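Undergrad: Following the hints, put chains B and C in place on chain A, whose structure we already have.
Protein chains in written order, with UniProt numbering: chain A, 1 to 199; chain B, 1 to 199; chain C, 1 to 199.
Hints were generated in silico from the structure; no laboratory data involved. Being a predicted model, the structure only gives us computed values, none of them experimental. Honestly, I wouldn't trust all of these hints.
[Stated by the list, open to error] PhoX-like, lysine-lysine: derived pairs with alpha carbons at most 25 Å apart:
(1) C:Lys56 - A:Lys45
(2) B:Lys29 - A:Lys45
(3) B:Lys45 - B:Lys56
(4) A:Lys115 - A:Lys60
(5) B:Lys93 - B:Lys66
(6) A:Lys56 - B:Lys66
(7) C:Lys18 - A:Lys19
If you want the building blocks of each chain, they are given just below.
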Amino acid sequence: MMVLQMVLLLCNIYAELKKLKNMDERIQKLEETLAKVLSENEALKSIVQDSQNKLKSVRKENEAKKVAFSAGLLESGTGHTGPINTPKTLVYKKVFSNIGGAYDPNTGVFTAPVKGAYYLRFYGHSHGGPNMAVSLLKNGKTQCSVFAWKPTSNGNASNGVVLTLETGDQISTQLWQNTWVFDDPASYTSFGGFLIFPL
Amino acid sequence: MMVLQMVLLLCNIYAELKKLKNMDERIQKLEETLAKVLSENEALKSIVQDSQNKLKSVRKENEAKKVAFSAGLLESGTGHTGPINTPKTLVYKKVFSNIGGAYDPNTGVFTAPVKGAYYLRFYGHSHGGPNMAVSLLKNGKTQCSVFAWKPTSNGNASNGVVLTLETGDQISTQLWQNTWVFDDPASYTSFGGFLIFPL
Amino acid sequence: MMVLQMVLLLCNIYAELKKLKNMDERIQKLEETLAKVLSENEALKSIVQDSQNKLKSVRKENEAKKVAFSAGLLESGTGHTGPINTPKTLVYKKVFSNIGGAYDPNTGVFTAPVKGAYYLRFYGHSHGGPNMAVSLLKNGKTQCSVFAWKPTSNGNASNGVVLTLETGDQISTQLWQNTWVFDDPASYTSFGGFLIFPL
Numbered sequence: 001m002m003v004l005q006m007v008l009l010l011c012n013i014y015a016e017l018k019k020l021k022n023m024d025e026r027i028q029k030l031e032e033t034l035a036k037v038l039s040e041n042e043a044l045k046s047i048v049q050d051s052q053n054k055l056k057s058v059r060k061e062n063e064a065k066k067v068a069f070s071a072g073l074l075e076s077g078t079g080h081t082g083p084i085n086t087p088k089t090l091v092y093k094k095v096f097s098n099i100g101g102a103y104d105p106n107t108g109v110f111t112a113p114v115k116g117a118y119y120l121r122f123y124g125h126s127h128g129g130p131n132m133a134v135s136l137l138k139n140g141k142t143q144c145s146v147f148a149w150k151p152t153s154n155g156n157a158s159n160g161v162v163l164t165l166e167t168g169d170q171i172s173t174q175l176w177q178n179t180w181v182f183d184d185p186a187s188y189t190s191f192g193g194f195l196i197f198p199l
Numbered sequence: 001m002m003v004l005q006m007v008l009l010l011c012n013i014y015a016e017l018k019k020l021k022n023m024d025e026r027i028q029k030l031e032e033t034l035a036k037v038l039s040e041n042e043a044l045k046s047i048v049q050d051s052q053n054k055l056k057s058v059r060k061e062n063e064a065k066k067v068a069f070s071a072g073l074l075e076s077g078t079g080h081t082g083p084i085n086t087p088k089t090l091v092y093k094k095v096f097s098n099i100g101g102a103y104d105p106n107t108g109v110f111t112a113p114v115k116g117a118y119y120l121r122f123y124g125h126s127h128g129g130p131n132m133a134v135s136l137l138k139n140g141k142t143q144c145s146v147f148a149w150k151p152t153s154n155g156n157a158s159n160g161v162v163l164t165l166e167t168g169d170q171i172s173t174q175l176w177q178n179t180w181v182f183d184d185p186a187s188y189t190s191f192g193g194f195l196i197f198p199l
Numbered sequence: 001m002m003v004l005q006m007v008l009l010l011c012n013i014y015a016e017l018k019k020l021k022n023m024d025e026r027i028q029k030l031e032e033t034l035a036k037v038l039s040e041n042e043a044l045k046s047i048v049q050d051s052q053n054k055l056k057s058v059r060k061e062n063e064a065k066k067v068a069f070s071a072g073l074l075e076s077g078t079g080h081t082g083p084i085n086t087p088k089t090l091v092y093k094k095v096f097s098n099i100g101g102a103y104d105p106n107t108g109v110f111t112a113p114v115k116g117a118y119y120l121r122f123y124g125h126s127h128g129g130p131n132m133a134v135s136l137l138k139n140g141k142t143q144c145s146v147f148a149w150k151p152t153s154n155g156n157a158s159n160g161v162v163l164t165l166e167t168g169d170q171i172s173t174q175l176w177q178n179t180w181v182f183d184d185p186a187s188y189t190s191f192g193g194f195l196i197f198p199l
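Chain A extracted, bound-state conformation:
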């Protein structure tokens, strides 16, 4: 009787053990698949990291682009600036916009906050009589100018330029000696510019 029970028990055990081989195969499959997943994930993590860095740089560049300003000569009132017998940096007081804060309304100087291509323009208006002449200067050196010789009525002239500026380069406009410009609340005489793209 006891022996018979043992035989039955052994048969059960034997049946159970057959599962072992199948489980071993399943574990091996899992191990292989998981190794593949780990390896693929390393590649994926590296791609994601690379994309993150590139995206960060794109976003940084897009933010860095936000440099633009524009100002009229007189904040209020009406009047001539010049003529005097020395060249004079024009200090535009009526700030229309100054995104990035690179234009200083106390000095009339725009300082490039990042290296890039900038568009810069200015406009001069004067009453008839004396000459009207203004140059745009980069670090004190004339880039482009306007000139109206003894206009019979108003002098009206504007110029603009695309310049590659290094960080810290300074742009200003200068009234020539013995010339004048005029401004009033309608804002004729103006200076402005913006970063087109960083470099």
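TA: Then chains B and C, alone, in the frame of chain A:
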């Protein structure tokens, strides 16, 4: 005899069972590794989600940037506009470009489609005689102007400005009362602008 | 005695085998989780691939934007250009910037390197006497112009335009017949432009 067979059988079974410990260890290893993979993937999914959102916003911003227009005063023909005894919004009919459709050639008004920094410029040309004066207006308020007092030959003057506009802000140019401008197919008198960057 | 030992042994074996059910469950759990990981990773890889492509296109577009130039008429010296009895393409020799190399200082022609919205401007300055007239041309066709009829002192006039250009479109400025412009090292007469955004 039977007992001997059973002993051998038991020995086999016993040998098989030794694999159980090894399999248990492999399963445990798999469980640990997979838990790590799951946790890493959650982090990865979160990074990818974040990158996707940032990229979406960069792409949206880049698309939103596509706002630019430019128009000449007369679509065809030759003639003066003004002088009349009230200020008059100039309606530029010869559309050179109007990407984003923010300029309305029926009203002469540019309506900012997104908040941002915009560059806006205009150019006025007139024959000699009456004054020539044009202002650029934001929501009806003068920003900057040109003025040529009784020019002996042509009046020629342009101005431009960088403005921060809110969505819906309206930009137009206005001819002053008792002043005039001239245009013909060569297109002298013009208005234009573009979004420099959204804010 | 031996039979009793064997029964005990079998009972131990049987107890061990009970673990098999637990291991089978753990393997099944692993298989299910790993299948989920594999499926999620496929989705993730596809998202990452898509983001990569979009990012690549954003970066390419941002790079493609880097087109800007500006030039003054005379590289050195002082003098009039014109008047002559045929229209003449102005060749600006004093290159302030030429990012992307799309402006040719030998011909005065800017060739759009990519399809996009471009801002283009020019400025003409002349001495009194003959007319001063310059047009901006796209593929030889006048877009906008300046004109100063027999100015008593200086002719000063600038114009600008936003144009949608196809790759290869050519922009130049043309002095009208029997008119002149003037330039010297202060650079009054100028031409410039930049890509606002690709299309």
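Undergrad: The structure should be examined with respect to each hint, and the outcome stated for every one.
TA: We went through each hint and held it up to the structure:
no., hint, in the structure
1, C:Lys56 - A:Lys45, "holds (18 Å)"
2, B:Lys29 - A:Lys45, "holds (22 Å)"
3, B:Lys45 - B:Lys56, "holds (16 Å)"
4, A:Lys115 - A:Lys60, "holds (13 Å)"
5, B:Lys93 - B:Lys66, "holds (21 Å)"
6, A:Lys56 - B:Lys66, "holds (22 Å)"
7, C:Lys18 - A:Lys19, "holds (12 Å)"
Checked against the numbered hints given earlier, the structure satisfies every one of them.
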